[in-house]
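Q: Read top to bottom, the protein sequences are chains A and B.
In case it helps, this note's numbering puts the first sequence at residues 1 to 175.
In case it helps, this note's numbering puts the second sequence at residues 176 to 335.
Incorrect hints may have been included.
Taking lysine-lysine and the BS3-like style, the derived pairs with C-alpha atoms no more than 27 Å apart in a straight line are [claimed, not checked]:
no.	chain 1	residue 1	chain 2	residue 2
1	B	K208	A	K71
2	A	K171	A	K109
3	B	K306	A	K108
4	A	K9	B	K208
5	A	K66	B	K200
6	A	K40	A	K9
7	A	K66	B	K306
8	A	K80	A	K109
9	B	K200	A	K71
10	A	K71	B	K207
11	B	K207	A	K66
12	B	K306	A	K109
13	A	K171	A	K71
14	A	K166	B	K310
15	B	K306	A	K171
16	A	K171	B	K310
17	A	K66	B	K208
18	A	K108	B	K310
19	A	K71	B	K201
20	B	K310	A	K109
21	B	K306	A	K166
22	A	K41	A	K9
23	B	K207	A	K9
24	B	K201	A	K66
25	A	K71	B	K306
26	A	K109	A	K166
Residues of chain B clear of chain A, computed beta-carbon distances all greater than 10 Å [unchecked claim]:
no.	residue
27	P235
28	S237
29	L238
30	V240
31	Y242
32	G244
33	G248
34	F249
35	A253
36	I254
37	F257
38	I261
39	G280
40	A314
Hints listed in this document are in silico derivations from the structure and should not be mistaken for laboratory results.
Positions of the beta carbon are idealized from the N, C-alpha and C atoms, including for glycine.
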Amino acid sequence: MKAIPAHYKQYIWLMVYLLATAASFAFGFNPGREVFVNFKKFFIEMISFIPFLFIIVGLFDVWFPKETVEKHVGQESGFKGIFLVIILAMLQAGPLYGAFPVAYILYKKGASIKNIFIYLGAFSSLKIPMLGIEIGYLGLQFTLARTLVSLPLFIVVGYFMEWYLKDRDFKVNQL
Amino acid sequence: MVNNTVIFIAVAVALTILSFLLDRKKTVMGLKKGWNMFRNIAVPFLNILILVSLVLYLVPPSLIVEYLGAGSGFRGMAIAAFVGSITLIPGFISYPIAAVLIQQGASYTTVATFMTTLMMVGVVTFPLEAKYLGKRVAAIRNGLSFVSAVIIGLLVGVLL
Numbered sequence: 001m002k003a004i005p006a007h008y009k010q011y012i013w014l015m016v017y018l019l020a021t022a023a024s025f026a027f028g029f030n031p032g033r034e035v036f037v038n039f040k041k042f043f044i045e046m047i048s049f050i051p052f053l054f055i056i057v058g059l060f061d062v063w064f065p066k067e068t069v070e071k072h073v074g075q076e077s078g079f080k081g082i083f084l085v086i087i088l089a090m091l092q093a094g095p096l097y098g099a100f101p102v103a104y105i106l107y108k109k110g111a112s113i114k115n116i117f118i119y120l121g122a123f124s125s126l127k128i129p130m131l132g133i134e135i136g137y138l139g140l141q142f143t144l145a146r147t148l149v150s151l152p153l154f155i156v157v158g159y160f161m162e163w164y165l166k167d168r169d170f171k172v173n174q175l
Numbered sequence: 176m177v178n179n180t181v182i183f184i185a186v187a188v189a190l191t192i193l194s195f196l197l198d199r200k201k202t203v204m205g206l207k208k209g210w211n212m213f214r215n216i217a218v219p220f221l222n223i224l225i226l227v228s229l230v231l232y233l234v235p236p237s238l239i240v241e242y243l244g245a246g247s248g249f250r251g252m253a254i255a256a257f258v259g260s261i262t263l264i265p266g267f268i269s270y271p272i273a274a275v276l277i278q279q280g281a282s283y284t285t286v287a288t289f290m291t292t293l294m295m296v297g298v299v300t301f302p303l304e305a306k307y308l309g310k311r312v313a314a315i316r317n318g319l320s321f322v323s324a325v326i327i328g329l330l331v332g333v334l335l
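Generate the whole structure from the sequences, applying the supplied hints.
A: In structure tokens:
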């Protein structure tokens with residue numbers, strides 16, 4: 001049997017679900033209907049803001065390309081350096097393991113240990129697309145509270161790592 | 176939710192008009208980029224909504240309140256932090272889950288802890304991280320992130 005390409009696998013769930021739902025309605029299977037009521041609610045919730053969020057994110061991406069920020073990271077130190085790595089992190093997208101290759105680039109460009117770890121912290125939870133989704137689902141208040149509490153902690157972790165690793169010849173490896 | 180939608184639509188429309196007036200080509204490029212990103216996540220997103228709909232039907236709210244609600248205390252935090260650390264759920268997928276947890280009675284503390292460990296602590300991706308940072312540093316980073324997540328959870332709970 002030929003393996004199904006990963007790209008199509010994601011559609012299987014959806015097809016199975018839609019068929020099961022159609023069957024539930026046809027044969028009057030109540031749990032299926034109730035699950036669909038949930039699904040419909042979530043679907044409307046999602047479609048009512050996610051497309052607009054991506055319009056915003058797409059425009060942001062074009063007007064504030066991360067490459068411009070990347071150019072200046074590493075040379076700047078102090079408060080400005082911290083500010084720059086946080087901005088750079090916010091412009092990224094994707095899961096945390098995608099941050100390590102960029103951490104290597106930062107390291108190569110001479111960014112401080114502190115800023116590398118602040119970058120990783122900010123990357124994990126302050127990316128703009130993610131903040132947008134967070135606002136949509138959990139509200140502006142929750143997002144602001146979480147962000148404002150997180151940021152100082154990331155900076156503390158950055159200072160701690162720099163203090164701890166200063167004399168231990170820390171390096172970021174390339175894979 | 177309605178308020179949110181209005182804000183997102185207003186911001187998107189305003190930015191598009193502004194961007195269009197400044198630079199037509201860039202605007203088209205940005206909209207295309209946004210559309211592509213949306214297309215990439217659309218099906219995985221629908222799949223997770225199906226899963227959440229199913230789980231929501233199967234798990235009664237009282238169970239969520241008991242294990243993750245305001246009264247769940249240390250145990251609720253522990254569950255949230257543990258599950259968040261070992262699972263690898265993409266960020267955009269975790270938000271609908273978090274929203275449902277809150278609607279069903281989970282506390283802000285447990286949800287913030289869950290979200291933060293999910294984003295910052297990666298047990299599954301540890302081997303990969305160790306290749307970049309070295310085992311010891313990766314372990315320290317994950318450990319500190321875990322502690323941070325608990326602190327963040329507690330503080331968010333105090334603030335909201």
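Q: With reference to the structure, classify each hint as holding or not holding.
A: To see whether the hints hold, each was checked on the structure:
1. B:K208 / A:K71: holds (22 Å)
2. A:K171 / A:K109: holds (12 Å)
3. B:K306 / A:K108: holds (16 Å)
4. A:K9 / B:K208: holds (24 Å)
5. A:K66 / B:K200: Holds, because 19 Å separates the two Cα atoms, which is no more than 27 Å.
6. A:K40 / A:K9: Holds, at about 23 Å.
7. A:K66 / B:K306: Judged against 27 Å, a Cα distance of about 25 Å means the pair holds.
8. A:K80 / A:K109: Satisfied, since the Cα-Cα distance of roughly 16 Å is no more than 27 Å.
9. B:K200 / A:K71: holds (24 Å)
10. A:K71 / B:K207: Answer holds: A:K71 to B:K207 is near 25 Å, not above 27 Å.
11. B:K207 / A:K66: Distance of about 18 Å is within 27 Å: holds.
12. B:K306 / A:K109: holds (19 Å)
13. A:K171 / A:K71: holds (21 Å)
14. A:K166 / B:K310: Holds - the C-alpha atoms of B:K310 and A:K166 are around 17 Å apart, at most 27 Å.
15. B:K306 / A:K171: Roughly 11 Å separates the two Cα atoms, so the pair holds.
16. A:K171 / B:K310: With Cα atoms ~12 Å apart, A:K171 and B:K310 stay inside 27 Å; holds.
17. A:K66 / B:K208: Judged against 27 Å, a Cα distance of about 14 Å means the pair holds.
18. A:K108 / B:K310: With Cα atoms ~20 Å apart, A:K108 and B:K310 stay inside 27 Å; holds.
19. A:K71 / B:K201: holds (21 Å)
20. B:K310 / A:K109: holds (23 Å)
21. B:K306 / A:K166: holds (20 Å)
22. A:K41 / A:K9: holds (25 Å)
23. B:K207 / A:K9: Judged against 27 Å, a Cα distance of about 25 Å means the pair holds.
24. B:K201 / A:K66: Holds: B:K201 and A:K66 sit about 15 Å apart, inside 27 Å.
25. A:K71 / B:K306: holds (25 Å)
26. A:K109 / A:K166: holds (17 Å)
27. P235: holds (13 Å)
28. S237: holds (17 Å)
29. L238: holds (16 Å)
30. V240: holds (18 Å)
31. Y242: It holds; B:Y242 is separated from chain A by about 19 Å at its closest Cβ, greater than 10 Å.
32. G244: Nearest chain A Cβ is 16 Å from B:G244, so the label holds.
33. G248: holds (20 Å)
34. F249: holds (20 Å)
35. A253: holds (20 Å)
36. I254: The claim stands: B:I254 keeps its Cβ more than 10 Å from every Cβ of chain A (closest is about 19 Å).
37. F257: holds (18 Å)
38. I261: B:I261 clear of chain A: closest Cβ-Cβ about 14 Å, beyond 10 Å.
39. G280: holds (15 Å)
40. A314: holds (12 Å)
Of the numbered hints stated above, none is contradicted by the structure.
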